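With the sequences and hints as input, model every part of the structure.
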Amino acid sequence: MQKVKQNIKQYTNDFKEIYDISSILKYAIILNIALFGIEKSKLLQKVELEPLNIAIGVLLIMLVLVIIQQLHLIDSLKLKIVNNVDAVLLIILISSFIYFLISWVVLGFNLSRIFTCIFILVIGIVVLTCRIYLICKQDKEQNKHTNIYTLKDLYDGNIDESEELILIDEDSADYDLLDREIFINNLYDIIVNCNPDKKFVIGLEGPWGSGKTTILNIVKKKIKDNNENIIIIDDFDPWSYDNKESLFIDMFDTILRKTGFKYSMSKSKNMINNLYSVLFSDEKRAKIKALGLYNEENLIEVNKAKSMINNYIKKSNKRIVFIIDNIDRAEKENVMLIFKLVNNIFDFKNITYILAFDDEQIKRIMKEDLNIDYNYLKKIVQLEIKLPKIDKEVKRNLIDQCIKNVIKLNTSGINELDEMIKHISYIVDDIRDLKRFINSAIEFTYRTNRFLNIIDILGIELIKIQNIKLYETIWKNKEYFISEDCYIYKKKGRLYTSDKDLEEFNNKGKELFDNIFESSENSKYINLLSDLFPNVERYNSKGILKDTKTINSLPKNKYREVNRRRSVCSGKFFEIYFVYMSNIFFEMSKISEKFINYINISQSIEEVSRYLELEINSIDVENKIILFQTMQFYINNLEDDKVKYLLYFLYNYITTNIFLDFRIQNVLNILIADILINISQNEFDLFMGMVSKDYKNISILKDINYWIINNTDIEQDKRRSRSEILERTLGSIVNEIYYKKINIYSNNNYRKNNLRDINELLQINKRDIKVFIKNVLNSNNIIKFLYDFIYVNNDGDRYSYSINKDEIEIFMSIEKVDELIQQREYNSEDEKFILNIYKNKKSTTMENEKYIYYYNHEIKLE
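Residue numbers for the sequence shown follow the numbering used here, so the first one is 11 and each next one is one higher.
Please keep in mind that the hints were generated in silico from the structure rather than gathered at the bench. Since we're looking at a predicted model, the values are computed, not measured. Zero decoy hints are in this set.
Below, a list of computed lysine-lysine pairs in the DSS-like style, where the Cα atoms sit at most 27 Å apart:
1) K520 to K566
2) K826 to K815
3) K751 to K776
4) K234 to K324
5) K350 to K373
6) K851 to K870
7) K232 to K209
8) K26 to K36
9) K209 to K314
10) K268 to K230
11) K389 to K316
12) K706 to K780
13) K208 to K389
14) K518 to K556
15) K13 to K90
16) K842 to K815
17) K566 to K712
18) K396 to K208
19) K325 to K232
20) K518 to K474
21) K556 to K474
22) K762 to K780
23) K359 to K328
24) K432 to K414
Derived Cβ-Cβ restraints for the label pairs, each shown as a range:
25) L177 to K604: 28 to 38 Å
26) K418 to T666: 40 to 50 Å
27) D704 to L177: 58 to 68 Å
28) K15 to V136: 18 to 28 Å
Glycine is no exception: its CB is placed at the ideal position from the N, C-alpha and C atoms.
Here you go:
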């Protein structure tokens, strides 16, 4: 039963917000008059079924249908909100009830008439009941699923964590999170205990965003809850009016409505018009400056009405508290009008005006726009109350708690946010800006770009919201803010190859930063920008932007972190923080992170290999290079027992793809070397055991060893230890090849360039490579032998090939090579091309003459 009452009350309130009950009753009475008029005239009995009458009837029915269509009653019936259907339904119900009563009491019992009324009433009540149920159910469902919370909800942690998106309500609050309870209680006591015979004006002064509206909302709520004899007028917003006339009329009308003073509508209109003509007619417009000179004839009714209103308020034992907020945001002509109306025209008894405004803004308007002394307000405002400044620690605590609570909903990494929260607390001046920052920077920007670094997103968005000019300056001068991966801007002169270039860059950058931070508005961002951009940090501490000519200014360990976090100071990611559009570096970074996450949940090397092989093969060569470069920055995210999965996959990938692009090979060698240095000794020994019989990949292992030695991020002893083990393993492999006369040109053992590395390792032990080659070379593998001495280059559109004939003779005489070539019976097209290069080079008489041959694809020898 209680639920039914609540539904009816809710429906009634919704109805009253849209429709006037008296108008509904008026239309119901008119309908009854029409019905009884038709019945009295017996019009329907006189109508004969003649063609003309039938036509009129049809037209009337069509008219009704057109009206129904115009009112969209059919569509409105489906809407789960109060609309025209409800108004028509109520008119019909009231009309039927009135018709039923009059018919029963006045006209006597008539079965058909009574039955018709009851039928219409029952149908109407059923439809109305269904409408009430559906509308209230819809409202409750909407309330249940709202994802808009107050800042207090966020501060207290009362947020539904399952929400995909949460937004903070930016309307003025009616709760205090800034420990201003004492001030609020004092203001409440002043208002409640202020009981003047005449008007009394309180000025609540404070800058924009200082919380004037919030404090007023709390005080209003407290007054309404505890003081029945006080009428609060709080729905007058001076910001909404473009001109003085509309502001005046609505302010007067608001007072009449809110006090409950029932005055003749025509007389109220005349009263307002009389005042209006005095204040705003062209010939008397100058009088608004004084508002003391009135036309007695026009003001008789006004004074009479004011006297009646004063008597009404006094005898009803009511006091009025008229709150006018945001005065400083009104049109400048309206600002003075409000003060003058309060002081002279609307000076009712028992009324307390609370005027809330930014006193500095009002001073500026009065001085610069109106040429009026600010002291004029002292004649109007009888009690000036200055809003106290927000305690820095309280504000810091509020921002800290709110930011951390909202970050918890988006990510688990909140430990690194302390410094950024300090910056936010220092820069954000008011709570309204905090709400806007949470909605924009965190709930929208970060949720839609969660792969970016949250600290950098918060920093850049904070600047964007609070100081758009600085934000635009950073974007336009990106080359001075980017410190890492400067090669991205090579075409814009971002690489400095000489001391002169570096000096010029530092001079221009220092001049730019001097201009930026000389402004007090920008200077408070210097610490924030120092945390985001190393160039700004060096400028702030050393007076220079860049102290090295390299494309990266940070040490390798910090550079690795920049890439892993996708920081804004990197040329790879800078633009994404401003345009929020992806690029290839960002995409490959996301893929790398996805790969690492997949490896961490995988159960076997085979599972990892199948997945990564499929994914990587779908990426083109240029992007593969970026992908493998990026993966270096995520290795530390691998679980200890899963690192080997990536190691074995990468080694298998580089050794089985014989014709892998040399740039990819180089990146993979670096990546594998990095893993080998950092894995446990046990895993390292197992890997060495696996490659101890790997005759095919000596050149790869030798390159890996080079990068182990030259990885300066790792302490030298550890690098030397791992390198010595790998060198011994390589020596053992080469000795085995030499003494067992392993055919390095068989399909299972061949890899281009292995021969040179084998020779280099044999020379360490003073072994003769010619002896070995003589034992393994024959007509079947002579082409592969020659291919070892051919140099290949790729300029993008084609491949170029050249050969060094003198280098061949280190391994075997030319005569023996020719003899083996003669013994071949068949050559493929690629093999013929290699032979052609060799023969042409051999036939030249000039030692230094260089022959380069071009081919439309890369030679591949099986």
